[in-house]
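K.L.:
Sequences and hints are given; from them, build the entire structure.
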Amino acid sequence: MSAAPREYAYREAVMGFFEFPTTNAIRLIPRGLQPVEPRHGLGVLGVTAFDFERSEVGAYREIVLSVLVAPRLLPGEVMPKSAMYPFMVGTTTAAARRHGMEVWKLPHLDADVSVDLRCDDGSAKVEAAEGGRPILALSIVAPARVPWQAADHRYQTFSQDEAGLYLSMLFMRGPFLESEEERGALELYPHPFLAGVDLDEVTPTPFREQWMRQGVELIHPLRPLAALAGR
Amino acid sequence: MPGQIEAERDYFDYDYSNFHYSSSDDVFAILEPYTAWYDQAQLRGYSLYSQPMSSPPTTRIELEEKLGHRRRRLLNLASYNYLGLSARQEVVEAARRALEQYGLGASGSPVLSGTMDVHLALERELAAFKRKEAALLFPSGYATNLGLLQGLMRPGDLIVCDQNVHASIVDGAILSKADVRYFRHNRPEDLERRLAGRRGKKLVVVEGVYSMDGDVCRLPEIVEIARRHEARVMIDEAHSTFIYGPNGRGVVEQFGLEDEIDLHVGTLSKATGGQGGFVAGSSSLYKYLEGFAHSRLFSCGLSPVVAAGVLEAVRIARREPELRAKLWANVAHIRGRLAEHGVDVGESTSQVIPVMIRDDRRVFDIARRLQEEGLYLQPVVYPAVAKHRSRFRISVSAAHTSEQLDEGVDILTRVLAAEGIL
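Residue numbers (my numbering), protein chains in the order written: chain A, 750 to 980; chain B, 120 to 541.
No lab work stands behind these hints: they were computed from the structure. Beta carbons: idealized from backbone N, C-alpha and C, even for Gly. Hints are supplied without guarantee of correctness; some may be wrong.
Sample of chain B residues facing chain A (criterion: CB under 10 Å; computed from the structure) [stated by the list, open to error]:
#, residue
1, Asp145
2, Ala505
3, Lys506
Covered by chain A, per the in silico footprint, the following chain B stretches (three or more residues, Cβ under 8 Å) [claimed, not checked]:
#, region
4, 147-156
5, 284-293
6, 488-497
P.N.:
Listed below in structure tokens is the structure:
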């Protein structure tokens, strides 16, 4: 991890985690990655919306679909809290899209998406659409008795291209709120953004909701997974 | 060196769930980061788990701290000994006599040489108690659910479980290789959604009393939906057998649904204070499971010493309904005292009473303080319960005196007030 990480400052980061069949999760991830199952037969679909206020490609908004996967243990490195494989990203600007594809090798919807993000003290609502076609609506609700807490979470993300799989360390820093009160909701609409997801099989209530505000996302450069093999 | 976790700063960022999944080229790679976390977790409060007890799990216990090695005598509100039978004289005597008669163990699988007359006597007693044709003994409650589901269900079948069912049910369902679905806790309308349009063999699995929240299954609605979708119903009454119903036959008796349930599971480690589990049903079910429930077939039979003790405990539970009455009086008493102080007990309506702390970071400190004040309660945290729903779990026993319950509430409320929880 010698090269400097890239920094993305966000106003809001809204995350919902939903159970869906592991068989569907397996179809969405490359061979070599292992889906996490909170319950037998059920993987985790992560739906994330970011409102970035500062990055090397300016301000933009983004929605990300990911499958939670087993983190890779790396000799001499701190174990991440969890890991994910983002399998579809939508951004509000072409510059952000090019950046995401070139730097992070992430699959993007090849069109601008609109991301309407409305937050108050108690809840956050996200509506994403493309060309007037709705993609998804996500809402999360702040837990009743849990305070915001400073967080510095370490994750791994995976991506791939023709040459193989890549891993990078991702840090999320900032005030953090988390709940498992199952008060949020997700609506998914038929749209190419959701290709490969069995819409009827995604549990519409998140088993976990997370919310971060006024923080920083740091992503370290990609490393080929093949180069990390061995004990 | 495989992955690590950082020191103090990261302790609360991790829990057991973080170490379940990992990928590596070495099977043992997870051991080092797990051990690093585990050692920190012990210092921060996990040492409160598995503290060795040197007395019976009655209302007052003696235990040794895992870290400080101090011996403590504590008021016990943590054990499952609901009817106070674990160390009752007749039970201990029955076990002692069995030890003299049979020796320590069964020394064989129940289907080979590991069945003794005391096992059959216990099975007959349980069948009579549940008013079923037969009851099949298993070596533990865990083995009961595991063997029942693996023994009965097959790939392509459907098992629909309440999302809060015990790990033994989940593991049994996995082992059966059936298609497994979960409905949201105690929400019959979600069960309906999971069953809709499904063909083939279907089994709905619920519990009588849920062990973490102490709430009771909405059995009438669940049975109605299951019947409409031609699904069989299994109920695990680990925490309600001998406790609920006019005759102690469980939540099924309480609701008048005994004949509507297809598979009745009970354990012998809770109200009867011993060990083991059983499935009650038809004699044909007994015969089938005898041949196909692997957790029984390929385990040594329940120790005849335990079987004899449990047999006596079951007989006492049946002939002394006043034990149940005393338990429910105790439950009412402690609930009233907790309510006076405004203690949050969640959704519980049973003898399992969670004391909601809802602060995953502080629950261990509070548990330590309770112990220092003389009260034994176990903290329960994620992933055993949802995040930010940490709690203590009070288990009331018929053996508690009202003075002991008052003492427990006094300690608890004093500590919670000092901690700013009340």
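K.L.:
Next, verify each hint and record whether it holds.
P.N.:
Hints, verified against the model:
1. Because the smallest distance between the Cβ of Asp145 of chain B and any Cβ of chain A comes to about 5 Å, under 10 Å, the interface hint for this residue holds.
2. Proximity of Ala505 of chain B to chain A holds as hinted, the smallest CB-CB distance being about 4 Å (cut-off 10 Å).
3. Using the Cβ-Cβ criterion of 10 Å, the hint placing Lys506 of chain B at the interface with chain A is satisfied: the shortest such distance is roughly 5 Å.
4. Coverage of the region 147-156 of chain B by chain A holds. Counting CB-CB distances below 8 Å, 3 residues qualify, and the rule asks for three or more.
5. For a cut-off of 8 Å, the count of residues in the region 284-293 of chain B with a CB near a CB of chain A stands at 3, and the three-residue condition holds.
6. With a threshold of 8 Å between beta carbons, the proposed coverage of the region 488-497 of chain B by chain A is violated, since 0 of its residues qualify and at least three are required.
Of the numbered hints listed earlier, the single one contradicted by the structure is hint 6.
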